[in-house]
Amino acid sequence: MDSKVKIKAEGVNFFYARSQALKDINLDIYENQVTAIIGPSGCGKSTFIRLLNRMNELLPHTNITGRISLDGRDIFEDSVDAVQIRKRVGMVFQKPNPFPKSIFENISYGIKVNGIKDKTFIEEKVEASLKKAALWQEVRDRLSDSALKLSGGQQQRLCIARCLAVESEVILFDEPCASLDPISTAKIEELITELKKDYTIVIVTHNMQQAARVSDYTAFFLMGELIEFGRTQDIFTAPKDKRTEDYITGRFG
Amino acid sequence: MKKNLIQDSGFFILFLCMLTTLIFLGLIIYFISVRGLKVISWEFLTQGPRMGMTQGGIAPAILGTVYLTLGAVLFALPLGLACAIYLCEYSPKGFTVNLIKMGINNLAGVPSVVFGLFGLAVFVKFFGFGVSILSGSLTLGIVILPLIISASQEALLAVPQSIREASLSLGATKWATIKNIVLPTALPGILTGIILSIGRAAGETAPILFTAAAFYTRGYPRSIFSEVMALPYHIYALMTEGTHPDQQTAIAYGSSLILLFLVLLISAAAIFIRQRQKNIHG
Amino acid sequence: MKEKIYKGIFAVLAFASLAFLMGIVIVLFKEALPIFQKVKIGEFIFGRYWYPTYSPAEFGILPLIMASVWVTFGAVLVCVPLGVGSALYLHELAGDKQRAIIKPLIEILASIPSVVYGFFGMVILTPFLQDLFHLPTGLCALNASLVLGLMAVPTVCSLADDALNYVPKSFREASFAVGANRWQTLTQVIIPAAGSGISTAIILGMSRAIGETMTVLMVSGGAAVIPHTFLEPVRPMTAAIAAEMGEAPMGGLHYHALFAIALILFLITFVFNIVAEMISRRFRIKLGLSG
Numbered sequence: 001m002d003s004k005v006k007i008k009a010e011g012v013n014f015f016y017a018r019s020q021a022l023k024d025i026n027l028d029i030y031e032n033q034v035t036a037i038i039g040p041s042g043c044g045k046s047t048f049i050r051l052l053n054r055m056n057e058l059l060p061h062t063n064i065t066g067r068i069s070l071d072g073r074d075i076f077e078d079s080v081d082a083v084q085i086r087k088r089v090g091m092v093f094q095k096p097n098p099f100p101k102s103i104f105e106n107i108s109y110g111i112k113v114n115g116i117k118d119k120t121f122i123e124e125k126v127e128a129s130l131k132k133a134a135l136w137q138e139v140r141d142r143l144s145d146s147a148l149k150l151s152g153g154q155q156q157r158l159c160i161a162r163c164l165a166v167e168s169e170v171i172l173f174d175e176p177c178a179s180l181d182p183i184s185t186a187k188i189e190e191l192i193t194e195l196k197k198d199y200t201i202v203i204v205t206h207n208m209q210q211a212a213r214v215s216d217y218t219a220f221f222l223m224g225e226l227i228e229f230g231r232t233q234d235i236f237t238a239p240k241d242k243r244t245e246d247y248i249t250g251r252f253g
Numbered sequence: 001m002k003k004n005l006i007q008d009s010g011f012f013i014l015f016l017c018m019l020t021t022l023i024f025l026g027l028i029i030y031f032i033s034v035r036g037l038k039v040i041s042w043e044f045l046t047q048g049p050r051m052g053m054t055q056g057g058i059a060p061a062i063l064g065t066v067y068l069t070l071g072a073v074l075f076a077l078p079l080g081l082a083c084a085i086y087l088c089e090y091s092p093k094g095f096t097v098n099l100i101k102m103g104i105n106n107l108a109g110v111p112s113v114v115f116g117l118f119g120l121a122v123f124v125k126f127f128g129f130g131v132s133i134l135s136g137s138l139t140l141g142i143v144i145l146p147l148i149i150s151a152s153q154e155a156l157l158a159v160p161q162s163i164r165e166a167s168l169s170l171g172a173t174k175w176a177t178i179k180n181i182v183l184p185t186a187l188p189g190i191l192t193g194i195i196l197s198i199g200r201a202a203g204e205t206a207p208i209l210f211t212a213a214a215f216y217t218r219g220y221p222r223s224i225f226s227e228v229m230a231l232p233y234h235i236y237a238l239m240t241e242g243t244h245p246d247q248q249t250a251i252a253y254g255s256s257l258i259l260l261f262l263v264l265l266i267s268a269a270a271i272f273i274r275q276r277q278k279n280i281h282g
Numbered sequence: 001m002k003e004k005i006y007k008g009i010f011a012v013l014a015f016a017s018l019a020f021l022m023g024i025v026i027v028l029f030k031e032a033l034p035i036f037q038k039v040k041i042g043e044f045i046f047g048r049y050w051y052p053t054y055s056p057a058e059f060g061i062l063p064l065i066m067a068s069v070w071v072t073f074g075a076v077l078v079c080v081p082l083g084v085g086s087a088l089y090l091h092e093l094a095g096d097k098q099r100a101i102i103k104p105l106i107e108i109l110a111s112i113p114s115v116v117y118g119f120f121g122m123v124i125l126t127p128f129l130q131d132l133f134h135l136p137t138g139l140c141a142l143n144a145s146l147v148l149g150l151m152a153v154p155t156v157c158s159l160a161d162d163a164l165n166y167v168p169k170s171f172r173e174a175s176f177a178v179g180a181n182r183w184q185t186l187t188q189v190i191i192p193a194a195g196s197g198i199s200t201a202i203i204l205g206m207s208r209a210i211g212e213t214m215t216v217l218m219v220s221g222g223a224a225v226i227p228h229t230f231l232e233p234v235r236p237m238t239a240a241i242a243a244e245m246g247e248a249p250m251g252g253l254h255y256h257a258l259f260a261i262a263l264i265l266f267l268i269t270f271v272f273n274i275v276a277e278m279i280s281r282r283f284r285i286k287l288g289l290s291g
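If you're matching them up, the sequences are chains A, B and C in order. Quick note: the first sequence uses the numbering used here, first residue 1, plus one each step. Quick note: the second sequence uses the numbering used here, first residue 1, plus one each step. Quick note: the third sequence uses the numbering used here, first residue 1, plus one each step.
Misleading hints may appear alongside valid ones.
As a list, the in silico PhoX-like pairs of lysine-lysine whose alpha-carbon atoms are at most 25 Å apart [what the hints assert, rightly or not]:
| id | chain 1 | residue 1 | chain 2 | residue 2 |
| --- | --- | --- | --- | --- |
| 1 | A | Lys132 | A | Lys197 |
| 2 | B | Lys93 | C | Lys2 |
| 3 | A | Lys101 | A | Lys196 |
| 4 | C | Lys97 | B | Lys278 |
| 5 | A | Lys131 | A | Lys95 |
| 6 | A | Lys132 | A | Lys117 |
| 7 | B | Lys278 | A | Lys95 |
| 8 | B | Lys93 | C | Lys4 |
| 9 | B | Lys93 | C | Lys286 |
| 10 | C | Lys38 | B | Lys125 |
| 11 | B | Lys125 | A | Lys112 |
| 12 | A | Lys132 | A | Lys196 |
| 13 | A | Lys95 | B | Lys179 |
| 14 | A | Lys112 | A | Lys95 |
| 15 | A | Lys117 | A | Lys95 |
| 16 | B | Lys125 | C | Lys7 |
| 17 | C | Lys4 | B | Lys101 |
| 18 | B | Lys179 | A | Lys119 |
| 19 | B | Lys278 | A | Lys149 |
| 20 | A | Lys112 | C | Lys4 |
| 21 | B | Lys179 | C | Lys7 |
| 22 | A | Lys197 | A | Lys187 |
| 23 | C | Lys4 | B | Lys174 |
| 24 | B | Lys93 | A | Lys101 |
| 25 | C | Lys286 | A | Lys112 |
| 26 | B | Lys174 | A | Lys117 |
Treat the hints as calculated values from the structure; they're not laboratory data.
Bound-form chain A, shown alone:
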């Protein structure tokens, strides 16, 4: 009963200057499922998800071969605009990175840069996004306050709301809880589970319990290679590869 494949990576290699960061990655990401990518630091997991919305293009001296397709269409084709891809594939970063603007402007920004000017529409959208990100109750009275005044956990949910407002189809989480306390982390995890009804989610994490709690599928990366991919329960209970087993039982990493 596998659902539809949303993103498909085929034979992806990625190079920073001379060194190869990713080696021949083949991975399917299923629609409306949470896919976790785990692995030790420097294994290429963040590099990989930054390919999915073409963020790595911002770095100099990089090169990619292979194919990544979104709904069957290669995102690296010449005729495809990176900006269009990023609209459809949103991203939540490791450290909360709100703009130094008001809470309202943070959320409305993505809507506005995509060309929508209708005020009531924007206001409704901001409210809906904040509600979806479970932040509305906490900020409804101070939408015009600076977003920098929020706590770390609130800022991260704001960043999620910001992402929801542009109606992306996929949301990439790059270690979203790395800088948060356990309570804020729990809230974000709850939110991720909630969001998968409407979105396809990819989450990079170095926290295996987190991967086990929130994800449906898990991919294990090691030194730029995809070692094992499968249903989360299988990976954690009956890993096929010795290296996966060593990692999840805490023998290295």
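With chain A's structure known, arrange chains B and C on it following the hints.
Showing chains B and C alone in chain A's frame:
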């Protein structure tokens, strides 16, 4: 015990250094203020010089300085800001860009009289603008260009990469990101740089010596091709030219006070903005 | 498409400003070189007589160079102790309250125009020095050194203070932990750690002093002879350019000679700035700050 004696005398010397510095700088401001205030009046600020520079006011010089400074900023600001944006946001990082940055930093330290010669050779002579507001403004513009570029660059570099990425990840284009996120965030820093360079342009004398300044003009400048009086040059000329040193010195005190007041006000504004920015962002 | 246009506009403007800045170097060379067809570089730099308007004219700029060296050296004697001493005071002794006032004050004072310093030198220092040393004129190398030195104090102080602030707090604590007092910590730990940063400050202060025009034009006295004491009138390079360019016929030898002086001045300050930049880069690496 000996250890503490050394420490106490060392600290006392440092205290004396600070005190001397403040006293001397204070003296400059004190003398100029006290003697300058004697000659400043409404007439002094609003009228031109009369009776061979011995009476009347300095209005044309004040106005001239305003024109020259305004012209310099109009010229240097778009160029400098665009240059900084291009170097920080668009150009690939690497050896060439570093070289360019180093070149710009070095030009900020080039003596202003060298810029004056450049203005003379290029604007006055080569382009044939003559000794004029236009030549002077362009020359002053080039003096402050490196300042504006490096201040803007610093402000742009201080904008965290993470919020650029956040904007791009929402499907904003590069230009939208620069316009809506990067520039507003960098604005206080850029503003500080601009204001400081306004102060610099207003006070510079050497670059306008051969490109714009005249000791005396009849009335106010008529066009950008006119010679112009300017406050800093006026002070210099009053002290070195003319035939009535005593009366001229009095007017020079007044002119110095006005120039000092303008420039200190401008730089105080810039430093105030920067201080406030620091307080907000810790 | 629109994106490309924006990028293009910025590129054009950026290269225009770079072209202007490059232009300075080109123009200096172009306007300076003709003098060297008439006068050998060696004779120009080491010639002892600067009589540009005599006939036959003599273009030896050694007196001007020596004047710049004397005046700058004197200025360093003033601005280094005062500037660095003040920075150390700010860093070590001034409390937060004093610091909050003095630091911005110094920065504001750094923006006083040079013509105002020159004016101060002329009206206050000149008669004072004349009486003190019984001189024929108070306009002399000493006067220029004092005013220039004073003028560079805020710059040196600000930069040196920044350098001191870059020294990590942990250095200090480590020194206290082994029983050093504040003075020992300051002189044996903090100053050495900030040393290259402080030298950068001094070099930049010197660079400012050697290139300063209006003050020296107003107070140095203007005699183009090699000085033997600080009490003689001198004519530093910048003053020569500023004073003579107005009278030099355009395109004549004198005109080109003045451009050649400007070129030499440019090269000197360029070297100073590069050295300062290199030292400060090493300093940042040494303290583990990003280059």
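Here's how the hints hold up against the structure:
For the proposed pair Lys132(A) and Lys197(A), the alpha carbon gap of about 12 Å is at most 25 Å, so the pair holds. A C-alpha spacing of about 23 Å is found between Lys93(B) and Lys2(C), which places the hinted pair at or below 25 Å, so the restraint holds. As the CA atoms of Lys101(A) and Lys196(A) are separated by approximately 29 Å, the hinted pair breaks the 25 Å bound. Between Lys97(C) and Lys278(B) the alpha-carbon distance is near 16 Å, which keeps this suggested pair within the 25 Å criterion.
Using a Cα cut-off of 25 Å, the hinted pair Lys131(A) and Lys95(A) holds, with the two alpha carbons roughly 22 Å apart. For the hint pairing Lys132(A) with Lys117(A), the CA-to-CA distance comes to about 22 Å; that is within 25 Å, so the pair holds. Of the supplied pair hints, the one linking Lys278(B) and Lys95(A) holds, its CA atoms being roughly 22 Å apart against a limit of 25 Å. Among the hinted pairs, Lys93(B) with Lys4(C) is consistent with the structure: their alpha-carbon atoms are about 19 Å apart, no more than 25 Å.
The straight-line distance between the Cα atoms of Lys93(B) and Lys286(C) is roughly 23 Å, inside the 25 Å bound, and the hint therefore holds. Restraint check for Lys38(C) and Lys125(B): the C-alpha separation of about 23 Å stays at or below 25 Å, so the hint holds. Annotation: proposed proximity of Lys125(B) to Lys112(A) is violated, straight-line Cα distance about 51 Å (limit 25 Å). Only pairs whose Cα atoms come within 25 Å are accepted, and Lys132(A) paired with Lys196(A) is accepted, the gap being roughly 12 Å.
For a cut-off of 25 Å, the pair hint linking Lys95(A) to Lys179(B) stands: about 23 Å separates their Cα positions. About 24 Å separates the Cα atoms of Lys112(A) and Lys95(A), which keeps this hinted pair within 25 Å; it holds. Annotation: proposed proximity of Lys117(A) to Lys95(A) is violated, straight-line Cα distance about 30 Å (limit 25 Å). For the given pair, Lys125(B) sits about 34 Å from Lys7(C) by alpha-carbon distance, which is inconsistent with the 25 Å threshold.
At roughly 24 Å between alpha-carbon atoms, Lys4(C) and Lys101(B) fall within 25 Å of each other, so this suggested pair holds. For the given pair, Lys179(B) sits about 21 Å from Lys119(A) by alpha-carbon distance, which is consistent with the 25 Å threshold. This hinted pair checks out: Lys278(B) and Lys149(A) have alpha carbons roughly 16 Å apart, not beyond 25 Å. Distance check on the hinted pair: Lys112(A) and Lys4(C) sit about 21 Å apart at the alpha-carbon level, within 25 Å; holds.
Only pairs whose Cα atoms come within 25 Å are accepted, and Lys179(B) paired with Lys7(C) is accepted, the gap being roughly 13 Å. A threshold of 25 Å between alpha carbons decides the hint, and for Lys197(A) with Lys187(A) the separation of about 17 Å falls inside it, so the pair holds. The straight-line distance between the Cα atoms of Lys4(C) and Lys174(B) is roughly 10 Å, inside the 25 Å bound, and the hint therefore holds. At roughly 28 Å between alpha-carbon atoms, Lys93(B) and Lys101(A) are farther apart than 25 Å, so this suggested pair is violated.
Proposed proximity of Lys286(C) and Lys112(A) is contradicted: the alpha carbons are some 46 Å apart, above 25 Å. Restraint check: the Cα-Cα separation between Lys174(B) and Lys117(A) comes to about 20 Å, which is no more than 25 Å; the hinted pair holds.
Going down the numbered hints, you'll see the structure goes against 3, 11, 15, 16, 24, 25, while the others check out.
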